[in-house]
Every structure is written in structure tokens, then in C-alpha cells.
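Produce the entire structure from the sequences given, and follow the hints as far as they go.
Here's the letter readout for the chains.
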Amino acid sequence: MKNQVTKYYPMLPVLAAYAALFLIGRNMSGMWQLVAMLLFYCALGQAFNIFLGMTGYVDFGYVAFMGVGTYGMALAISRLAHIEGLGAGIIVIGFVLAVLMSTMLSIAVGAVALRLRGAYFAIATIGVNEGFRFLIEGARIWNGSEGIIFTAQLNQILGREAASALATFWADLFVLIIAVAAALVTLIYMRSKIGYALTALREDEDAAKVMGINVTKFKIIAFITSASFAGLVGASSWALKTPYVFPPEVFEIHYTIEAIIIVLLGGAGTLLGPLVGGLIYGISKYYLSIFIPGFQLLIFAPIIIVIIVVFPEGVVGMLKAKTRNTAAGRFIV
Amino acid sequence: MTLLQLDNVTKRFGGLVAVDHVSLEIDAGQFVGIVGPNGSGKTTLFNLISGVFFPEEGRIYFEGADITRMPPYKRAPLGIGRTFQIPRPFSSATVRENIAVGAMFGTLGKKLTVDDSMDVADQLIEKLDLTAHREKAAGTLTPVEKKLMEIGRALAMKPKLLLMDEAMAGMHPSDIDQMVAFTRQIAEEENISIVAMVEHIMRAVIGMAEKVIVLHQGAKLVDAPTQEALKDPKVVEVYLGGSGGR
Ligand SMILES: Nc1ncnc2c1ncn2[C@@H]1O[C@H](COP(=O)(O)OP(=O)(O)OP(=O)(O)O)[C@@H](O)[C@H]1O
Ligand SMILES: [Mg+2]
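First to last, the sequence lines map onto chains A and B.
All residue numbers for the first sequence refer to this note's numbering, where the first residue is 754 and numbers rise by one.
All residue numbers for the second sequence refer to this note's numbering, where the first residue is 111 and numbers rise by one.
No lab work stands behind these hints, which were simulated from the structure alone.
Treat the numbers as computed from the prediction; the structure is a model and nothing was measured.
Yeah, the Cβ is synthetic: ideal placement off N, Cα and C, and Gly gets one too.
Per label pair, the in silico range of CB-to-CB distance:
#1 A:Asn780 with B:Thr250: 41 to 49 Å
#2 B:Glu167 with A:Ser898: 52 to 60 Å
#3 A:Leu869 with B:Gln327: 31 to 39 Å
#4 B:Gly249 with A:Tyr762: 21 to 29 Å
#5 B:Gly249 with A:Asn908: 54 to 62 Å
#6 B:Met180 with A:Leu937: 35 to 43 Å
#7 A:Tyr1040 with B:Lys184: 52 to 60 Å
#8 A:Tyr762 with B:Asp232: 15 to 23 Å
#9 B:Gly249 with A:Ile1010: 26 to 34 Å
#10 B:Asp229 with A:Ser898: 53 to 61 Å
#11 A:Ser917 with B:Lys220: 53 to 61 Å
Take a look at the structure:
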């Protein structure tokens, strides 16, 4: 029994870090905006890590799951606003729809693409995002390129004040909760057979197979889990913060690139990595854009390269190796 | 009782016939040495049996059931374990975790929990004398230790058949002999058949084998009880003569 509890010790630093972020944001004036951005990057990293970090497969179409999650929330609010008495419940429906839609898309993509190995998978997924965007625009699905604007519906259901609180506070708090939930699921996976199967297939897929691991099954589990968290992040960080959705804004590959950088910076496949990576990435991006606006990328790219060269396993990957078999190591995974 | 049966199995890579109409039988609990010069198809044969590749022709039966096109992850729990010629550890995982993975996924019937698999791993680690390396990342082991760990990983699957592709550059032949002898001892206790690839026909291991199969350019040249095989002029010519004799 004690053993069962100690297994989850690594959640403590995760919870402490998110609590600290929350308190800083609430108590230091002018900080909430930065904290909200950091929460977004941490949640994004935490969600993507479940697939990218744990399987070692790179999905260049990842942002598509955030995109459909955003649509899930937008559709729920814009199409169901006329139903009486839903109130804030409409947001719950939006989250459910976001998860359903991102899950369905991930099953469709995964069933085909996850049969491919490594680099072939990566190449196959490059088209997913663009393809989906053109499908929505071309076939005029969900209003096509005009997108969905649901500011009015949100104001009507919740009232102006609550709608504004939703955008400036609650949406960010949801992102925090999603990040914590994604971290918890990561740790549960790590401690279960799923985690061992994923480590094995990430390190050597053929060896994993001949040891009895149904690699496709476990890749799909990781893919769907990761995608549904991405859908939730999209639904709250995008749809609830800015009550509209346009295809080119949500199906934007640079978010996938940011997510990859965060996971690698922090340490792919580690629990704390996405949090550390998200903080380093978000803080540098924020201050670089204040001090040297316009030039941030010029400085940013070399910094990222240096960090990745110095810590090929990511910051947490390095810490984890250093603290192996020490007391601190029990908290750093 | 026949455990494994290959019936006219052929595997081609492009124009190259890596395994050429090979038929063979392995009995339960039998220890078989497999020899052949470089490129004669030994590893490919193991890959066909463990399911890494499917053959173009012929059939493979395990305990009477046709497994010719069964995916590898389904064969493992039936009782087919293997090691790799070049060790393939799950590098970032510890030795204990590597071995536990075998118990977790590779055993038949009721699946073991993570904790029970760790117990199985601990027992094997002790048997294999790997205690000092238990919590090390597998990638940091020496080649010999990796080899031992792979044996542990395969034994954790409770195999009925253990394929040991044990050739290894840089490893002292007497170390290999010792390792195989030791594995054989465990196998005898648990009635595991071993098909061990043996680099050199003069090695001590061959003496322990009940039978020897000689491959040459993908085809089975000899399949006979050890003493007979060693005297076979074809073996002497192909294996000790021109190409492989050192
Ligand atoms: N995946 C592959 N693709 C193409 N050709 C292959 C592949 N695997 C093996 N071969 C070829 O098949 C033939 C048999 O190779 P195999 O590895 O089975 O020999 P081996 O008896 O194990 O040799 P060694 O003693 O060097 O380990 C060789 O000519 C090899 O080049
Ligand atoms: Mg070989």
C-alpha cells in the first residue's frame, strides 16, 4: 500500500509548480497574462509529451487536434445557445464535444498513419493538418473559411460579466487543470504496463514486438490520449479565451513546432519535462519579445540549439540521470 | 514431442535467397546447436521463427499450430523467446525494467501485474548475477552484461523455445561458452528447448548440444546428432575448410 503511494510522489513537484504559478499570477499585479501564456505552453507540452515523448514518434499534424477541440467548443456554444436553462453547463458540453472530436480524428489518423514507422509516420502527418484545414474551407464544413464567431451567444448565456471572467480567468484555470490532469495521466501510464510497453517500443520497436508487445495498440492508446488532451487545450485556451475560430488560425503548424521544442527542451518522456520546457520556452519568448521585439527568433533559435546540444536528454532528462538512485530521484521522473 | 517444425521455409531478400527451403524439427527440451558461415541465414531463420519476417514459401508450426503469418507479439506468449546477435536493450530503462517487460507481456495466460513482473525480474537478476547492475540504465552496460540481460529478458517470458543468436565480436569465446552452459542449466530445469547459434564448430558448446544443424548459403546442409555431424565430411569441408575455419 505504501508502495502505491510512493509511486505517485513525482506528482508533488508538478502540483507545487502549478500552484506556485497560480499564486504568482493571482497575487502579483500584471502577471496573470504571462502566467496564462506559460500555462498554455506547459499544458501543450504535457499533452504532446504523452505521444511524442513516450513513443518517440513525431506527429507534425498535432495542432489539428487542438483545432478540432476548438471547433468542438465553438460548435457547442454556437449551436446550442438557444436551448433554455443550459447555463454554464454548455461549457461542459463543449469540453465533451472537444474530446469526442479530437479523439475521433486521432482514431482516423492513427489507424492509418501509426502503421508506418518513424520517419514515414512523421512525413505522413505533415499533410494531416493542412488537409483538414482545406477540407473545412473547401467543403464549407462548420461555416468554412468564415469560421464561427460566438461572442454574442456566450454573452447571452452567461451574461457579459461572466463571459469576460471566463475569458480572462476561468479559461486559464481550466488550462491549468488540464495540464495537471495530463501530468497525472502521464504518471499513471508510466507506472502501468502501458508505460513499460511505450518505453520498450520507443527504444526498440522490433525487440518490443518479439517480447510480446502489441506495439500498434500501445501507440494508438498514447496517440488518442495525447490528442484528447490537445482537444481540451484548444477548447479552453483558444475557444473560451477568444470566442471565435477561423481555420487558418487554429490549423497553424507553428504550434506543433513549439510543442516539439517544449517537449525536447524539458526532456521527452519525462513527467516534469514539459513543465520545465514550457516555462523556459514561454518565459524566454515573453521577455525576448519585450526587450528586442522583432528579433526574438534570431536570439531564440540559437538558445534552443545550445540547450538541446548541452542537454540532449532535455533538462529534466539530465536531472533524472543525475539523481538516479538518490532521495531526490524519487520525485524526478 | 515436436515443439517447432519448419516445413520447406524460404525467405528471399530481393534476388538473394537468405533461407532456402529449410525443413527442421526441434523437440521439447532439446538443445540444438546451429552453425554456419557468415551470411548463411542463421539470423534470418531466427527472425522467421520469432516473426520479425514472414517467409515467402513454406510453413512454420509451433506445438502443432500454424504460426507462419502470426504477428511476433502473438508468438512470444506462446513460448518463443529470443536474444539478438547485436544486443537490443531498451536503453533508457533499467536492467530490472528490461527483464520485467519480458514477464509483463511475454507470458501466456493470466498477465502478470507490474509488481509481480518486477519480482520475476529480481529472481532472474539474482540467478544471472546481475544484482550490481539492477538499477542501471541498460544502455550503460557492457556488451557481455547486455547479453546476459537479454537472456534474462527472454527467460522472464517463460519460453518453451529460446533462440540464442549469441555470436558476438569482442566477447571471449570461453565467456560465451560459460553463458550458454549456464543458460542451458536453467533451461533444463524448466524444460526449455534452446536453439543456440554457435560461431565456431569446435567450441565447447557444440559438445553439449544434442544435435547440430549446419546451414550453408541458406540451405540446410546437415541435421544430425552432434557426434555424427562433427564427423560429416560436408561439415568439415564447408565449415572448417575454405570459408570459415580459423
Ligand atoms: N533485412 C535484410 N535485408 C536484406 N538482406 C538481408 C537482411 N537480413 C539478412 N540479409 C541477407 O541474408 C543473408 C543471410 O543473413 P543472416 O544475417 O541470416 O546470416 P547469418 O548466418 O546470421 O550471418 P552471421 O554469421 O554474419 O550472423 C545475408 O546475405 C544477408 O546479407
Ligand atoms: Mg547472424
